[in-house]
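Number of protein chains: 2
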Amino acid sequence: MTLRDWGYRLLPGLKWLQGYTGQDAVADLIAGITVGLTVLPQGLAYATLAGLEPQYGLYSAFVGGIVYAMLGSCRQVTIGPTALLALMTSRHTGFGLGSGPAYAILLCLISGIVELGMAVLKLGALVDLISLPVTVGFTSATAVIIGTSQLKGLLGLKGGSGSDFINTMRSVFGNLHQVRRGDFTLGLVSITVLLLLRKLKDVKLDGRVRSLRAQQLISGTIWVIATGRNALVVLVTSVLAYSTCKQMDSCPYILTGKVKSGLPKLAVPKFETTILDKNGTEISQNFEQMLSELGPSMLILPIIAVLGNVAISKAFGGAGLSPTRELVALSMSNICGAFCSSMPVTGSFSRSAVNHASGVRTPIGGCYTSVLVLLALGLLAPYFQYIPKAALSAVIISAVIFMIEFEVIRPLWRCSRRELLPGAITFVMSLAVGVEIGLLLGVGADVAFLVYRAARPVLSVSKLQTTNGINYILIRPKHSSLYFPAVEWVRSGISKALTTHGTAPVVLDCSHVHDFDFTAARGMGSLQKELAKANVPLFLMSAQKDISVILKESTNIDFPTIDSPDDLESILEQSETSFAPDYVLHLQIAAPLVESRLNHCDDREPTELCKLNAKSI
Amino acid sequence: MTLRDWGYRLLPGLKWLQGYTGQDAVADLIAGITVGLTVLPQGLAYATLAGLEPQYGLYSAFVGGIVYAMLGSCRQVTIGPTALLALMTSRHTGFGLGSGPAYAILLCLISGIVELGMAVLKLGALVDLISLPVTVGFTSATAVIIGTSQLKGLLGLKGGSGSDFINTMRSVFGNLHQVRRGDFTLGLVSITVLLLLRKLKDVKLDGRVRSLRAQQLISGTIWVIATGRNALVVLVTSVLAYSTCKQMDSCPYILTGKVKSGLPKLAVPKFETTILDKNGTEISQNFEQMLSELGPSMLILPIIAVLGNVAISKAFGGAGLSPTRELVALSMSNICGAFCSSMPVTGSFSRSAVNHASGVRTPIGGCYTSVLVLLALGLLAPYFQYIPKAALSAVIISAVIFMIEFEVIRPLWRCSRRELLPGAITFVMSLAVGVEIGLLLGVGADVAFLVYRAARPVLSVSKLQTTNGINYILIRPKHSSLYFPAVEWVRSGISKALTTHGTAPVVLDCSHVHDFDFTAARGMGSLQKELAKANVPLFLMSAQKDISVILKESTNIDFPTIDSPDDLESILEQSETSFAPDYVLHLQIAAPLVESRLNHCDDREPTELCKLNAKSI
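Chains A and B are the protein sequences, given in the same order. Residue numbers for the first sequence follow UniProt numbering, beginning at 1 and rising by one. Residue numbers for the second sequence follow UniProt numbering, beginning at 1 and rising by one.
It is possible that some hints are incorrect.
The list treats identical chains as interchangeable, and a pair is accepted whether it falls inside one copy or across any two copies.
Stated by the list, open to error - Straight-line alpha carbon distances no greater than 30 Å define the calculated DSBU-like cross-link-like pairs of lysine-lysine that follow:
(1) Lys258 with Lys158
(2) Lys201 with Lys533
(3) Lys533 with Lys204
(4) Lys529 with Lys463
(5) Lys158 with Lys496
Source of the hints: derived by calculation from the structure; they are not laboratory data.
Using the sequences and the hints, build the whole thing.
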């Protein structure tokens, strides 16, 4: 490989510069600024949601853009703070004494490292385990939790916003008498305006304006207003608050308060901090104690981040993207971010959509966004303090409200009700206990179903007759695999068939089966021995080569085989002489109570499988 | 139902009394006494293993026999203390101040209740999740742990026997200089004698004795000695210890010490106790604290108990037994036992084998065993104190040594190496961390494999040509189910096929697929849309009715279908006109680095699936 190839390999982003024209630059600039105008209010709001000072949201908003431009492969993806990760971060920022940023930044670093690990071990596929109903339950629950956590800001109630749905609801409803009219009005108006502006995009002019030029101009203006609605609402309400609060002594709105001006310091994340315990005493926390506080978040947060990011790049980039490369880009965004005081970041679906709609051409657009954020940190920060909290809450609420999805319930109800369960478990438990637990339980329910299916394959049982009048029982597992949890099921299925249909040779049709394991093989072995004692032959039909091998190796039994259904009749007729059809079968199931004594425990030795399973003392 | 039917239903054991002849009674009596002679030394030894005073082993040995006679259905099963459950109990008996029995008895009660719950909820099938390699790994590790825990008794070292393999080994090797010659010699001789007597059973007389009568007599004597070897060794060594320790001032053997005489009190288990903490202070534990100390044992111990019991009744009783009824019998043995100061009990494989070999005819044999144990408690207890500990250790070691199974490794290595992993994980982690954790990890590894198989079905891909020369790509999933974790896999498989074989209509052969879920359906929907953009038609061939329904309901797309392979050619030829074969496909995977920019992110809208997956903020 040449030096150049190595360069491309290490920094795939270099390729964007190849043939990067002035037109490309202008398109990227416009898109970058549009996304910047969205991320500024969102960043301030999400930092508050995460329990941090507002500037941390901006610190989180610029590293991702630059890193992704160098490493990423899908031009629309914009990486930065998101409501979901802010919510998950907020669990660890409530211990006082400025420990919040320390925890958030450490979590950012660890997420990056875990994501890098996932990239190296190719574990990105873990997100495949999250089914659609679980995803819907999870995002819907998150939206509800985030929405209610913003009620306080919207109503002008004091007190931090928590991630605990039930406590937040209790606290809001317990303090309804303290609702501040100013904040509430402002918040409600802001939400209304935001939702209307969002709808504006769908307005079609439909030739009502005659001149093409005027039509383009009007469309363009509408688009700019609709896309920049968050910035617009924040700007207008801030101006309103600025002018009102100068005139009056008591301001009618709760304001964001001082936002620290200037760029974040480049610094190694802190590996120790000081917190206040329940009694108000200062306790210093070392690295281990911090890790133990972060606990499962260190694993679940990166998985959620990857899930979001993969889904976005898939939505815009199609199946052509390398998941590993996306994972590396996300991971480096977090790792580098941690050195710039960032909280955990991932791809934002709403901003990526803005980016896409703004006509971005390469990920370099993200760099322009970053520059805008840095400029804001340096120049605009003093003005951010006038932003009313109710306006920021309105920005968040009108964003998350569309994450609640009812539309998936109807098709699920109509065609696959079983799948409502994991979704419902995820939704309810996320609200009741926490989003991480909810997600884990939902995935657990899905996995339990997969195991259940493996353990209880469908068996089709039929009693048939050869042309010469020999009865036989044909058992066909419809599942393609026969693994350890299914052995007992198949065995008892065959006994039941013999009880129902009377004693007859058993033919096990393996034509659909092509996975088989040792436990299953041993189980078939002991079944064969049991049947042999009752003089019932057990034939394997159409068994693949590897199934025969594993059966032979693990049981040392030569199973009589039927290679193809065509040979079935002749083989059964040949073997008829050795078969005594009047034998009382020992494998009786559901035998009448009193008679069963004779049938139950005969004098035969423990079977091979049981010997292995049960040797005890 | 008549009163009589109800009686049978509640106490199925009543049926054993129907036609119970004198011959039956004699046979059961002989078997009962033989089992009793085995359970006496084993009970004393297992109680010590569990960290309790020896009499608790006997308390545990009589309730099961009576309860099982009334409720059980397999004549050979004998329920009582086992080495495995004793080992698991020993984790909770080391807190001093007589809290050991309180914890053990409470655990017995809770195990019984959990087993009853499993019976009611039909969860007995949970043992299906434990595959053969995991079972082997688990029992082998248990045998090693129990064996090493008995080294102390064998070597005459002081100190309790723990359940922690590594600590026990360290403590044994650190105290090798304190080995007592008397105990060691006695223990070694006992083990040798026990193993030789065990082999004695296999001795064939082969006509070397001419008279049939003499031959029968000799065979009978050999059988009695071999079967009663534990009792014999304990008796002989006790007599030896009794006579030696009378003559000498310092006894050369460590003796069992006082065994409390008399029957256990009928009493409700204690729901509170007092323990010593690390610093030696007394702490009282209430019910909740006791439960939290028992922790996962409350679930894992009953599952292990059920596993053992099911395996035994299956080995002797065949497939004809009702697992639920067996579960109820086991459950009631534990619940009733807890009121007689019993530690957790389950079926013992070795004693059940003795029972079987002794010719037991009904579970009433267990009642005779119980009477013998009660007699021993009343009359023999004063003499038990002379039993040398080394002899009891020898009894345990020579029992567990046969639980270590190497013979299963060879067939696994030859035909299914993958399955060695869960077994190895179980074995190693059981030794390193604890048997419960080891078992859970082993089952986890097995379940992970099942999920992996569901997530990565085998796809067979072939490029074919109709007789009229139309190329098409036939993709056939070999798995019978297509669930959520497999969607991405199938999608990327199809893209890969298109990259490799060039653009051509894709035919997805669903003839083997008969399970399908909502996530998979949506995934197919977005694949269809992606392909449609590239003018690549996607046909479903031989799809079952319910698959078509779920696809239609969840995606609102009418997939072009091919009902049978026979229609394939004509349908492909009809559709050829609408297919543009020279289109550059967007679904390129592994495209060269620099060229890929064009292919990656086109201007199409996010697909349906991704919209659902990824709505974020």
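Each hint, compared with the structure:
Proximity of Lys258 and Lys158 under a CA criterion of 30 Å is satisfied intra-copy only: 17 Å inside one chain copy versus 70 Å between copies. In this assembly of identical chains, the alpha carbons of Lys201 and Lys533 lie at most 30 Å apart only when taken from different copies (25 Å versus 78 Å within one copy). Within a single copy, Lys533 and Lys204 get their C-alpha atoms only as close as 81 Å, which misses the 30 Å cut-off; across copies the closest is 25 Å, which meets it. With identical chains, the CA atoms of Lys529 and Lys463 are at most 30 Å apart within one copy only, with a shortest distance of 22 Å there and 45 Å across copies.
In this assembly of identical chains, Lys158 and Lys496 lie within 30 Å of each other by CA distance neither inside one copy nor across copies; the values are 68 Å within and 56 Å between.
Against the hints set out earlier in the document, a violation occurs for number 5 only.
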